[in-house]
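K.L.:
Below are the chains, spelled out letter by letter.
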Amino acid sequence: MKSINRSILLKRRKIRIINNLVMQTFFLCATLFGLVILGILFYRVVSQGYPYLDWQFLQSLPSRKPENAGVYTALIGTVWLMFVVAPTSLFIGVGTALYLEEYAHKNKFTSFIQINISNLAGVPSIVFGLLGLTLFVRALSLGTSVLAAGLTMSLLILPVIIVAAQEAIRAVPQELREASFGMGATKWQTIIRVVLPAAIPGILTGGILALSRAIGETAPLVVLGLPLFLAFLPKTVFDMFTVLPMQIYNWTGRPQEEFQGLAAAGILVLLFLLILMNSIAVLIRNKFQKRY
Amino acid sequence: MNTVIANEVDNEVINTHQKWTQKNAVYQTRQLNLWYGENHALKNINLDIMENEVTSIIGPSGCGKSTYIKTLNRMIELVPSVKTSGEINYRGRNIFDKEYEVEELRTKVGMVFQKPNPFPKSIFENVAYGPKIHGIKDKKILNEIVEKSLKGAAIWDEVKNRLHQNAYGLSGGQQQRLCIARCLAIEPDIILMDEPTSALDPISTLKVEELVQELKENYSIIIVTHNMQQATRISDKTAFFLNGEIVEFDVTSNIFSNPKDQRTEAYITGRFG
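Protein sequence lines, in the order shown, are assigned to chains G and U. For the first sequence, counting from 1, position 230 maps to 230 in our numbering; every step adds exactly one. For the second sequence, counting from 1, position 7 maps to 1007 in our numbering; every step adds exactly one.
Don't read these hints as lab results, they were simulated from the structure. Certain hints may be false.
Stated by the list, open to error - Only pairs whose alpha carbons sit at most 27 Å apart, straight line, appear in this in silico DSS-like list of lysine-lysine: (1) G:LYS187 x U:LYS1098; (2) U:LYS1121 x U:LYS1207; (3) U:LYS1108 x U:LYS1121; (4) G:LYS14 x G:LYS2; (5) U:LYS1151 x U:LYS1139; (6) U:LYS1083 x G:LYS108; (7) U:LYS1139 x U:LYS1121; (8) U:LYS1139 x U:LYS1160; (9) U:LYS1132 x U:LYS1121; (10) G:LYS187 x U:LYS1083; (11) U:LYS1132 x G:LYS187; (12) U:LYS1137 x U:LYS1148; (13) U:LYS1108 x G:LYS187; (14) U:LYS1083 x U:LYS1043; (15) G:LYS187 x U:LYS1139; (16) U:LYS1137 x G:LYS187; (17) U:LYS1121 x G:LYS287; (18) U:LYS1098 x G:LYS106; (19) G:LYS187 x U:LYS1121; (20) U:LYS1137 x U:LYS1160; (21) U:LYS1115 x U:LYS1151; (22) U:LYS1160 x U:LYS1140; (23) U:LYS1216 x U:LYS1151; (24) U:LYS1132 x U:LYS1115; (25) U:LYS1108 x U:LYS1137; (26) U:LYS1151 x U:LYS1108; (27) U:LYS1140 x U:LYS1108; (28) U:LYS1160 x U:LYS1115; (29) G:LYS106 x U:LYS1083; (30) U:LYS1160 x U:LYS1121; (31) U:LYS1043 x U:LYS1260; (32) U:LYS1139 x U:LYS1108; (33) G:LYS187 x U:LYS1115; (34) U:LYS1115 x U:LYS1216; (35) U:LYS1108 x U:LYS1216; (36) U:LYS1132 x U:LYS1151.
Stated by the list, open to error - Each pair of labels, with its calculated beta carbon distance range: (37) G:ALA171 x U:PRO1080: 15 to 21 Å; (38) U:GLY1037 x G:VAL123: 32 to 38 Å; (39) G:VAL127 x U:PRO1080: 33 to 39 Å; (40) G:LYS287 x U:SER1061: 38 to 44 Å.
The structure displayed is predicted, hence computed values, not measured ones. We put the CB at the ideal spot given by N, CA and C, even for glycine.
Assemble the whole structure, with the sequences as input and the hints as a guide.
P.N.:
Below, the structure written as structure tokens:
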């Protein structure tokens, strides 16, 4: 006496196979949806912006006359911003991650910090803008300088960098630490000679992805009061500056159609920067594939 | 009441050990207790480790033998929630002393781990790691140490032409001998081996065992092993651990031919474990 009735199973099998097909189609549609929308957007931007995109556009200062206007100040401003954000956020972020992973004892206090770091990653960027305005622009009277904006952006991406660095550090096998400690190495020697070299690809990948987020952010900088129109370049980190997203935001607000085209061209420049950075991140990840 | 009995037993153990203390003891463990949180992992351990001897520690899984060997160089402190009581005297000094720097202890006590764990660096850099962290920068001295250590670990001939290649290109057995070489490079006084052959094939195991025999001339060795034949082949003395206690500690041949405790006999004849 068998407890499984084959003829019932046969009927059920058809339903199971149909179910599988339905779900497969659904997931395919979900994937296509995002891709198609992205494709349409990209097509629109390219068709609108491409005619305006040339060397002159990259090398011209902003202007009231669309035919003379360019992204030079904004592009250089974005580069300036990166030079403040990258070292600040990487230094503090990796330091925090190293402390939490290597030095701190696991207790309620550190898990409290851990939860809050994860929560900070979810705080809207405009809140960081308000913080930057109060702390850096007003209290420390840095004004709307490269430094103030850079520090604000560093705070914004810090949680992402910390979490990425922590994961990279955690992925270093414990046996390697033991080998180092077993020979009488101190924690710092173990970190600098064993842990960091093994974790650096992961840290850099996470760091670059976080930086590319900082490049695209606009909201906090609007709150900080960055100028929408600026016809000179910053000379030091204490100077006023503007960035690509601000310039694009400015142009999209203009009524003339030419400025819409300029905005699209600006978006293309920004997109190119982002794709470049993400490609570097992917390259680093592939080059230093895990060897243990 | 219980403690009184425990103390009597311990005194007896200590007395038998006194016969051996005429030789130089490297480690003298006295009344060592260790807890992982609430879990009492080592109970009243008393054990003397002698110079230029191979002492093997056998016992079933979870009996505390790895815990014990990791306590000897305080590696166990990497595990949070570990508490200890009692003393371990290394060359007459209690390693749990607040002034005893763990870095100093581990310079004299080398360790070889269960799984070969070379660094993802070149063979040369692996061996030079220890001397380098202790501040030796002179290239000539480093070259000398690397060659001497690799020869000492009987792997020099296999790697002398590829010193600057990544250690991950070596086989498992070679990696383990490289780890032994790395450990010799800090010129330790005693070498702790935590199941060094459990991840190796029989031929590599044989090579490591032969190596242990050679190293005995210059070093004291403590080896944790699951393999009782290995203990009989290479060790002078054997300690049998069970449930965090030392059941029996004696000359290896006595343990295996004439065990005093029934539990030891049951274990070595394969009735459990």
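K.L.:
Each hint should be assessed against the structure and marked as holding or not.
P.N.:
Status of the hints after comparison with the structure:
no. : hint                             : verdict
1   : G:LYS187 x U:LYS1098             : 18 Å, holds
2   : U:LYS1121 x U:LYS1207            : 24 Å, holds
3   : U:LYS1108 x U:LYS1121            : 24 Å, holds
4   : G:LYS14 x G:LYS2                 : 22 Å, holds
5   : U:LYS1151 x U:LYS1139            : 18 Å, holds
6   : U:LYS1083 x G:LYS108             : 19 Å, holds
7   : U:LYS1139 x U:LYS1121            : 17 Å, holds
8   : U:LYS1139 x U:LYS1160            : 17 Å, holds
9   : U:LYS1132 x U:LYS1121            : 14 Å, holds
10  : G:LYS187 x U:LYS1083             : 21 Å, holds
11  : U:LYS1132 x G:LYS187             : 15 Å, holds
12  : U:LYS1137 x U:LYS1148            : 17 Å, holds
13  : U:LYS1108 x G:LYS187             : 18 Å, holds
14  : U:LYS1083 x U:LYS1043            : 12 Å, holds
15  : G:LYS187 x U:LYS1139             : 25 Å, holds
16  : U:LYS1137 x G:LYS187             : 20 Å, holds
17  : U:LYS1121 x G:LYS287             : 16 Å, holds
18  : U:LYS1098 x G:LYS106             : 22 Å, holds
19  : G:LYS187 x U:LYS1121             : 19 Å, holds
20  : U:LYS1137 x U:LYS1160            : 21 Å, holds
21  : U:LYS1115 x U:LYS1151            : 21 Å, holds
22  : U:LYS1160 x U:LYS1140            : 16 Å, holds
23  : U:LYS1216 x U:LYS1151            : 15 Å, holds
24  : U:LYS1132 x U:LYS1115            : 23 Å, holds
25  : U:LYS1108 x U:LYS1137            : 20 Å, holds
26  : U:LYS1151 x U:LYS1108            : 20 Å, holds
27  : U:LYS1140 x U:LYS1108            : 23 Å, holds
28  : U:LYS1160 x U:LYS1115            : 23 Å, holds
29  : G:LYS106 x U:LYS1083             : 16 Å, holds
30  : U:LYS1160 x U:LYS1121            : 16 Å, holds
31  : U:LYS1043 x U:LYS1260            : 20 Å, holds
32  : U:LYS1139 x U:LYS1108            : 23 Å, holds
33  : G:LYS187 x U:LYS1115             : 22 Å, holds
34  : U:LYS1115 x U:LYS1216            : 22 Å, holds
35  : U:LYS1108 x U:LYS1216            : 16 Å, holds
36  : U:LYS1132 x U:LYS1151            : 19 Å, holds
37  : G:ALA171 x U:PRO1080: 15 to 21 Å : 20 Å, holds
38  : U:GLY1037 x G:VAL123: 32 to 38 Å : 36 Å, holds
39  : G:VAL127 x U:PRO1080: 33 to 39 Å : 35 Å, holds
40  : G:LYS287 x U:SER1061: 38 to 44 Å : 41 Å, holds
Consistency with the previously given hints is maintained throughout, with no hint failing.
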